[in-house]
Structures are given as structure tokens and as C-alpha cells.
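**Student:** Following the hints, complete the assembly by docking chain D onto the known chain S.
Going line by line, the protein sequences match chains S and D.
If you're matching positions, the first sequence starts at 1 in our numbering and goes up one per residue.
If you're matching positions, the second sequence starts at 1 in our numbering and goes up one per residue.
You may find that some hints are simply not true.
What the hints assert, rightly or not - Residues of chain S placed beyond 12 Å of chain D at every Cβ, according to the derived structure:
(1) K74
(2) K93
(3) L132
(4) H190
(5) V219
(6) R266
(7) A320
(8) G321
(9) V329
(10) V352
What the hints assert, rightly or not - In silico DMTMM-like links for lysine to aspartate or glutamate, alpha-carbon gap of 25 Å or less:
(11) S:K350 to S:E318
(12) S:K207 to S:D218
(13) S:K341 to S:D306
(14) S:K74 to D:D120
(15) S:K93 to D:D120
(16) D:K17 to D:D120
Keep in mind that the hints were calculated from the coordinates and are not lab data.
We treat Cβ as the ideally placed atom computed from N, Cα and C, and that holds for glycine.
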Amino acid sequence: MISLDLRLKREDFELSCALTSDARVLALHGPSGAGKSTLAHLIAGVIRPDDGRIVVDGVTLVDTESGVCLPPEKRRIGVVFQDALLFPHLSVKSNILFGQFFTPAAERRAPFDAIIETLGVGHLLDRRPATLSGGERQRVAFARALLSSPRLLLMDEPMAALDHARRLEIMSLIEKLRDEFRTPIVLVSHSAEEIARLADEAVIIDKGHILARGAPLDVLPGASRLIEGGRFGLINSLAARIASVDETYGVTRLAHPAGEILVTARLGGTGAARVAVRATDVALAKSSPIDTSVRTILRGTIAKIDANGSPLAFVTLELAGGDKLVAAVTRLALDELGLAKGSEVFALVKSVALDERSL
Amino acid sequence: MLDLSADDLTAIFLSLKVAGASTFFALPFAVFIGYALARWRFPGHAALNAIVHLPLVLPPVVTGFALLLLFGRRGPIGAFLDAHLGIVFAFRWTGAALAAAVMSFPLMVRPVRLAFESADPRLAGAARSLGASRLWAFALIELPLAANGLLVGAILGFAKALGEFGATITFVSSIPGETRTIPSAIYALLQAPDGDASAMRLAAISATIAVAALVASEALQSRLGGRS
Numbered sequence: 001m002i003s004l005d006l007r008l009k010r011e012d013f014e015l016s017c018a019l020t021s022d023a024r025v026l027a028l029h030g031p032s033g034a035g036k037s038t039l040a041h042l043i044a045g046v047i048r049p050d051d052g053r054i055v056v057d058g059v060t061l062v063d064t065e066s067g068v069c070l071p072p073e074k075r076r077i078g079v080v081f082q083d084a085l086l087f088p089h090l091s092v093k094s095n096i097l098f099g100q101f102f103t104p105a106a107e108r109r110a111p112f113d114a115i116i117e118t119l120g121v122g123h124l125l126d127r128r129p130a131t132l133s134g135g136e137r138q139r140v141a142f143a144r145a146l147l148s149s150p151r152l153l154l155m156d157e158p159m160a161a162l163d164h165a166r167r168l169e170i171m172s173l174i175e176k177l178r179d180e181f182r183t184p185i186v187l188v189s190h191s192a193e194e195i196a197r198l199a200d201e202a203v204i205i206d207k208g209h210i211l212a213r214g215a216p217l218d219v220l221p222g223a224s225r226l227i228e229g230g231r232f233g234l235i236n237s238l239a240a241r242i243a244s245v246d247e248t249y250g251v252t253r254l255a256h257p258a259g260e261i262l263v264t265a266r267l268g269g270t271g272a273a274r275v276a277v278r279a280t281d282v283a284l285a286k287s288s289p290i291d292t293s294v295r296t297i298l299r300g301t302i303a304k305i306d307a308n309g310s311p312l313a314f315v316t317l318e319l320a321g322g323d324k325l326v327a328a329v330t331r332l333a334l335d336e337l338g339l340a341k342g343s344e345v346f347a348l349v350k351s352v353a354l355d356e357r358s359l
Numbered sequence: 001m002l003d004l005s006a007d008d009l010t011a012i013f014l015s016l017k018v019a020g021a022s023t024f025f026a027l028p029f030a031v032f033i034g035y036a037l038a039r040w041r042f043p044g045h046a047a048l049n050a051i052v053h054l055p056l057v058l059p060p061v062v063t064g065f066a067l068l069l070l071f072g073r074r075g076p077i078g079a080f081l082d083a084h085l086g087i088v089f090a091f092r093w094t095g096a097a098l099a100a101a102v103m104s105f106p107l108m109v110r111p112v113r114l115a116f117e118s119a120d121p122r123l124a125g126a127a128r129s130l131g132a133s134r135l136w137a138f139a140l141i142e143l144p145l146a147a148n149g150l151l152v153g154a155i156l157g158f159a160k161a162l163g164e165f166g167a168t169i170t171f172v173s174s175i176p177g178e179t180r181t182i183p184s185a186i187y188a189l190l191q192a193p194d195g196d197a198s199a200m201r202l203a204a205i206s207a208t209i210a211v212a213a214l215v216a217s218e219a220l221q222s223r224l225g226g227r228s
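This is chain S alone, in the form it adopts within the complex (with noise of 0.2 Å):
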């Protein structure tokens, strides 16, 4: 549970939030200057705010009318940095139990072998940090805030300086982490397929302000085109869970509610999996075609049109069991098929771009 109003005031830069969410992941989202990591900063304690306050967890980290400001290291948040930063002179080992060892004994809540363990950092133990690679560095300044037991984590672009595969592999873990500890999270990101896949409730600022807030999908497709003007830019997230995989010809079929997924790759396990559709590989039918390559339908209702007169319209639909799926297709194709809201439809999503860099 995190709660928070800050006004800051700077010479070519003003920034006024106010927020409470108690999603286990809230995405910051914005464009580069917007204000998402100087409220990083606010909620680390890196800089104090003009006026306002800060409440994680029912703790008053800041409160300026009453003269609270905590020091960084009382705020007890666990920081996870865009380059890991980890202590270049220390093990592995050192640098995970750091934040350990200045927690006070009543407050060590974290389990050091489930961290160790979830996080795959067990035989990373005895070596330097600058042995690593990028992605363990990334695993390992995970497991050294986790186990400072912190009342939130505070993630400031954890992934973007990954490269794509080590990106898929972090978003994961960070899943994992958001389901087995209970941690709030809190996600700076600039990605909004990032945001789609991990978040519960995500708020968009610009210019130091929030220009909306909900779930991602509710908020991700109009700001993101606000944002960033890019119809790739649009991502869906639904969840699924993997039914089984097919060894002859290297493809997974995710169940859903609206239908079967099929997945260009083989994926372990048995378990929930989120899968991230870009808009643009959306298309619509009206009934379900029988002689296609595609092998992605899924059923839903038409619940909202976006189209102000551009040549594209993003089309929203409401799937069976509740996930929303964006598609962008052309203005004269709605109009040709005599689409509008409430009607039912296919939604045809081509494997191919479904493959294990989506997930």
C-alpha cells in the first residue's frame, strides 16, 4: 500500500502527484523527462519534495507540514537500479547480505534460501560482480534488495539495459517475485509491453503530472498513443495457462478462456503464463474461418472504437473470462464489415508473432 501527494518545484520543471494504490505491481509510465524517475527519487528518499507526503505500508516516510523526512536508509525500500549497480569490491555474497546485516534482527523477514533459489544466484555465490553478466548482475541486485527485507521495491527501469532475451528472462523473475513474496513493487518503465505483462494498475505522467491511471490496458493504449504516437506501440496482455506442448512441431497451446493460443516455442511447466499481443497483430472476422494459417481464435464482443477520423481504429474487445484485447485495423474495414459496438466477433492473431519473444 503505498500513498502518496508531492508537489516539486524546480527551475524548468514542476512536478504535482498524488496517488494511493495497493497494487502488488504499479507501473510508472511515461515518456523520458516526464517526472517518473524524479518520483523514484521522492519515494527513495534521493531528493525531498517541496511540500507533501509519502505512506508505505502505514509508515510516514515524509510529511513535510509535520517536519518528517526520513534518511534513504530508514525508508527501508529496496532499489533495484537500471545498471545494478553493485559494489564492485565485494562477492557476490557480500553484496546480497549487505542490506541484510543493517536490517534490525526483528525485521528480517526475508527468506534468504527461497530469494537465493528463486533468483538462480546460488552459484554466483563466490564471484565479482564484474564477472557476471548482464543478467545476473540484474538477478543479483534483485536478491541484495529483497533481502533487506524493504517495505517496497522500487524498480527504475530494471530492464533497459538488456538486451531482448535477457529482458524476457528478468520479466519473468519479476513475476515470480510479484507471486511468492509479497513485496509491493513498484516499476518505472518506459515499455509499455513491460507494463502490460507485469502490471496491476499502472499511471502515466507527462510534464510531471499523472495523465491517467487504471489498468494497464485501460490506460496503456490511449496514452501510449498520446505518449508515444506509435500504433506499435499498443500491447495486450492476457493471461492463460499452458495446456500442453507439442514436441512434433516445437509449438505450446496456452488455454484461454476465449480460446486456444498457440505459442511458436516450447515452455516448461504447467503453469499461468501472460502472453503479450501487439495491436497490429490483431485482425477481426465475423464468423470463424475454417481455411486459414491462423491458429490463434479467440471469441469476443466489440466494447469500445476508437477512431477520430484516422485512417486506423483501435477496436477493444471484451473476451470470455474478462481479458480485454486491443486491435488495430483499418477504419474502412470496420465500416465494410458493418462492425460497431456489441458485435460479436473472431479475433485472429498470427502465431508467428506470438513466439517466446512475447511472452
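**Tutor:** Frame of chain S; chain D shown alone:
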């Protein structure tokens, strides 16, 4: 060659004592000033930097004269220390150590400052987010990361202190057994009719120590450079 007289040995041990004390007491100040210059922006930053480097450009005899005025028995600081703490610098080996410390200070501050500047300042911030106070973050993260710079500063400072002459002889004169360090002894020997051989021996010894210190500091500096 190593046929040293009692006076020579006295001068050598006195020099080591003076340089050792000078380095030992000046290093903490050098760390503080070096850190302040590297990390903090404050009014008077440039002025402090200039004052630290002043002994490098002033004639040593002027620095010695200034020390005499300030730390002499009747000088404002010297009189205060004598009256309240019982510390006397004038014409004592402690005065020689003070002169050596002041003269070697710029050489100590520079590598210390560079070492602090080459470490990522955000690491201390990371340490604080993990619960370390400002002081702990300094002691556990910033200081160890600057360790090589401190070592280089200490070696350069020691070598410089060993060779200090102008400010020392102006401030504390050249009293055998008390303030006659190797350079003062060489100078005194050269004034005597048959001191050349002795002077040569002492010169060789001080050159050996100085070269050894330079080699050590070069080796450490290249390690420092190779790591970052």
C-alpha cells in the same frame, strides 16, 4: 659505501620518523579534503583547491616562514597549542613533521581526490537504500573503492616528506638529533671542509628511497587504472 657514521644514522632514522608522522597525520586530512573536492560542490570550492595546492607553487622558504609566524612559540596557533595542549612545534622534530606534512599535502590530496572521482557516486546511494548510514556507506563502499588512491597518496606524501628541506630548515632550523633530517644533514655536510663523501652516501640513500616510492606508486596507479 654503507660505511655510515652515527650522525648519518641519526639523520636517517629522524627522517623516517618525521616522514612517517607527517604521512600518518596528514592522510586523514587529505582523505577529507580529497573527498570534499571530489564529491561536494560548495562556495569556496575553487579557493580550497587553490589553498591546498599553494605549497606546491610558493617558495618553500615562504611556507616555512608562514609556519614560523603561525606555529612559532609566539605565533597565534603555536601559543594556543603550547598553552592548552602542551604541543610545541618550534625547533622540535614535530615541527619538522608539520612542515613536511604541509609541503607534501598537495601530492597526497591529488591521488585521493582522483580515486574518489573515479568511483561511481551512485554506489553510496545504493548502499544507503540498503540501510547503511552516510558514514557506513563511506566506510564500507567509498573508502575501500578509493583504497589504491589512498595508498598512492601516502607513498607520494612519504617520499616528499623525506626530501623536504626549504620549509623545514626555515621553520625548525637544523638541530642535530632533533630536526636535522637527511636533506638538512647533506646540506650541513656540504658546508664542512671534508663532508663530501658522507654527503654522497646520504644522497644515495635518499635517492634510493625516493625511487622505490615512485616505482611503488606507479605500479599501484597502473593497477588502479586497469581496474576501472
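**Student:** Please go over all the hints and tell whether each is borne out by the structure.
**Tutor:** Evaluation of the provided hints:
At the 12 Å boundary, the C-beta of K74 of chain S falls inside the reach of chain D, the nearest C-beta of that chain being 8 Å off. For K93 of chain S, the requirement that its beta carbon stay farther than 12 Å from each beta carbon of chain D is met, with the minimum near 14 Å. The Cβ of L132 of chain S sits about 16 Å from the closest Cβ of chain D, beyond the 12 Å cut-off, so the non-interface label holds. Here H190 of chain S stays apart from chain D, with its beta-carbon at least about 20 Å from theirs, past the 12 Å limit.
Every CB of chain D lies more than 12 Å from the CB of V219 of chain S, the least distance being 29 Å, so the non-interface label holds. The beta carbon of R266 of chain S sits about 38 Å from the closest Cβ of chain D, which is more than 12 Å, so the claim that it is off the interface holds. The Cβ of A320 of chain S lies farther than 12 Å from every Cβ of chain D, with a closest approach of about 44 Å, so its non-interface assignment holds. No beta-carbon of chain D comes within 12 Å of the beta-carbon of G321 of chain S; the shortest separation is about 40 Å.
The beta carbon of V329 of chain S sits about 46 Å from the closest Cβ of chain D, which is more than 12 Å, so the claim that it is off the interface holds. At roughly 41 Å, the least C-beta separation between V352 of chain S and chain D is larger than 12 Å, which holds for a residue marked as non-interface. Of the pairs offered as hints, the one joining K350 of chain S and E318 of chain S holds, with about 19 Å between alpha carbons and a cut-off of 25 Å not exceeded. Pair hint K207 of chain S plus D218 of chain S holds up; C-alpha atoms about 21 Å apart against a cutoff of 25 Å.
A distance of roughly 11 Å separates the Cα atoms of K341 of chain S and D306 of chain S; the hinted pair therefore holds under the 25 Å criterion. Straight-line distance between C-alpha atoms of K74 of chain S and D120 of chain D comes to about 22 Å, which keeps the hinted pair within the 25 Å bound. Annotation: proposed proximity of K93 of chain S to D120 of chain D holds, straight-line Cα distance about 21 Å (limit 25 Å). The hinted pair formed by K17 of chain D and D120 of chain D fails the criterion: a straight-line CA distance of about 37 Å is larger than 25 Å.
Figure legend: structure checked against the earlier numbered hints; hints not met, in rising order: 1 and 16.
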